[in-house]
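J.: Sequence:
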Amino acid sequence: MQSQVEGIVIRTMPYGETNKIVTLFTREAGKITCMARGAKKPASRLAAITQVFTHGTFSVYKGRGMGTLQAGDPLESLRHIREDIMSTAYASYVTELIDRLTEQDESQPAIFDMLFQALHAIDEGYDPEAITLFVEWKMLQTAGLTPTLHQCANCGATEGEFAFSFQELGFLCHRCFHIDRYIIRLSPALVKLIRTFYFVPIDRVGSLTLKKESKSLLKQIVRTIYEEKAGIRLKSRKFLEQLERTPEFLPKKEELPKDE
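Note that the sequence shown covers residues 1 to 260 in the UniProt record's numbering.
Treat the hints with care, as some may be off.
Unchecked claim - FRET-style restraints, in silico, Cβ to Cβ:
| hint | residue 1 | residue 2 | range |
| --- | --- | --- | --- |
| 1 | Ile85 | Val200 | 57 to 63 angstroms |
| 2 | Ile85 | Tyr182 | 31 to 37 angstroms |
| 3 | Lys219 | Gly156 | 52 to 58 angstroms |
| 4 | Phe199 | Pro42 | 44 to 50 angstroms |
| 5 | Cys155 | Ile184 | 15 to 21 angstroms |
| 6 | Glu124 | Asp73 | 18 to 24 angstroms |
| 7 | Ala71 | Thr224 | 41 to 47 angstroms |
| 8 | Glu76 | Arg204 | 19 to 25 angstroms |
| 9 | Met66 | Ala110 | 40 to 46 angstroms |
| 10 | Tyr182 | Tyr15 | 43 to 49 angstroms |
| 11 | Thr57 | Arg185 | 28 to 34 angstroms |
| 12 | Lys212 | Lys62 | 45 to 51 angstroms |
| 13 | Arg64 | Arg245 | 43 to 49 angstroms |
| 14 | Lys41 | Ser187 | 51 to 57 angstroms |
Said to hold, decoys possible - Calculated lysine-lysine pairs in the DSSO-like style (CA-CA distance at most 27 angstroms, straight line):
| hint | residue 1 | residue 2 |
| --- | --- | --- |
| 15 | Lys238 | Lys212 |
| 16 | Lys219 | Lys138 |
| 17 | Lys229 | Lys212 |
| 18 | Lys138 | Lys62 |
Think of the hints as simulated: they come from the structure by calculation, not from any bench. Quantities reported herein were computed from a predicted structural model and do not represent experimental measurements. Note that beta-carbon positions come from the ideal geometry of N, C-alpha and C, so glycine has one too.
Put together the whole structure using the sequences plus the hints.
T.: Quick look at the structure:
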């Protein structure tokens, strides 16, 4: 059966001397994997369309087993991502996380839209670390993890000082701090940021500029949730952390106003 899909290349793997196995995340069918015959040959008509992060329309023949990618037309190459090492690293982390947490052939248009928005934001020069945090917090639900962030996970209070509890998987108000000795205390601004990352679509937030310390803490919390509650640690994270520790790789940018 032949089908036309809109998708983004999230992973490729060489197969033999000239072929690639390509994983697409599509608007219509979710994640699909197909064989792109001859795609490793520079002159192949599939060479450009099967580069990671390419957004395009794809013609896929699906019989039994793995489908075959027969043709494709690029809509955007998102070239800036591939030309900037930090953008590549963060985009790779985003695509690996989505790949890891989604099943084959399961339509998930909301995740496609989020991936589309995230890669475009990184390509357009928005803070890739902040965009990655959006995706990490939003994908918790797909991982089967639903933190309590709208109220206290213990007593249901919506007012007061809050901290994050891994034990309760969510916020605890100051009246309930005593039930978890390992809470992470949060300022009102950080509570608001976590709720923004979890509940608000990326395209409705605009250009959000965060302090380095805020990003580090929120990253520590969400990645600990993935590791401790779902046993997930991504391969691309190691490379990303090496880059983050190597200042000479960081792009020099003008100082922007920071969050309160």
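J.: Indicate, hint by hint, whether the structure satisfies it.
T.: How the hints compare with the structure:
no.	hint	verdict
1	Ile85 <-> Val200: 57 to 63 angstroms	29 angstroms, violated
2	Ile85 <-> Tyr182: 31 to 37 angstroms	36 angstroms, holds
3	Lys219 <-> Gly156: 52 to 58 angstroms	28 angstroms, violated
4	Phe199 <-> Pro42: 44 to 50 angstroms	45 angstroms, holds
5	Cys155 <-> Ile184: 15 to 21 angstroms	18 angstroms, holds
6	Glu124 <-> Asp73: 18 to 24 angstroms	22 angstroms, holds
7	Ala71 <-> Thr224: 41 to 47 angstroms	44 angstroms, holds
8	Glu76 <-> Arg204: 19 to 25 angstroms	21 angstroms, holds
9	Met66 <-> Ala110: 40 to 46 angstroms	26 angstroms, violated
10	Tyr182 <-> Tyr15: 43 to 49 angstroms	46 angstroms, holds
11	Thr57 <-> Arg185: 28 to 34 angstroms	49 angstroms, violated
12	Lys212 <-> Lys62: 45 to 51 angstroms	46 angstroms, holds
13	Arg64 <-> Arg245: 43 to 49 angstroms	47 angstroms, holds
14	Lys41 <-> Ser187: 51 to 57 angstroms	55 angstroms, holds
15	Lys238 <-> Lys212	19 angstroms, holds
16	Lys219 <-> Lys138	13 angstroms, holds
17	Lys229 <-> Lys212	26 angstroms, holds
18	Lys138 <-> Lys62	31 angstroms, violated
Checked against the numbered hints listed earlier, the structure breaks hints 1, 3, 9, 11 and 18; every other hint is satisfied.
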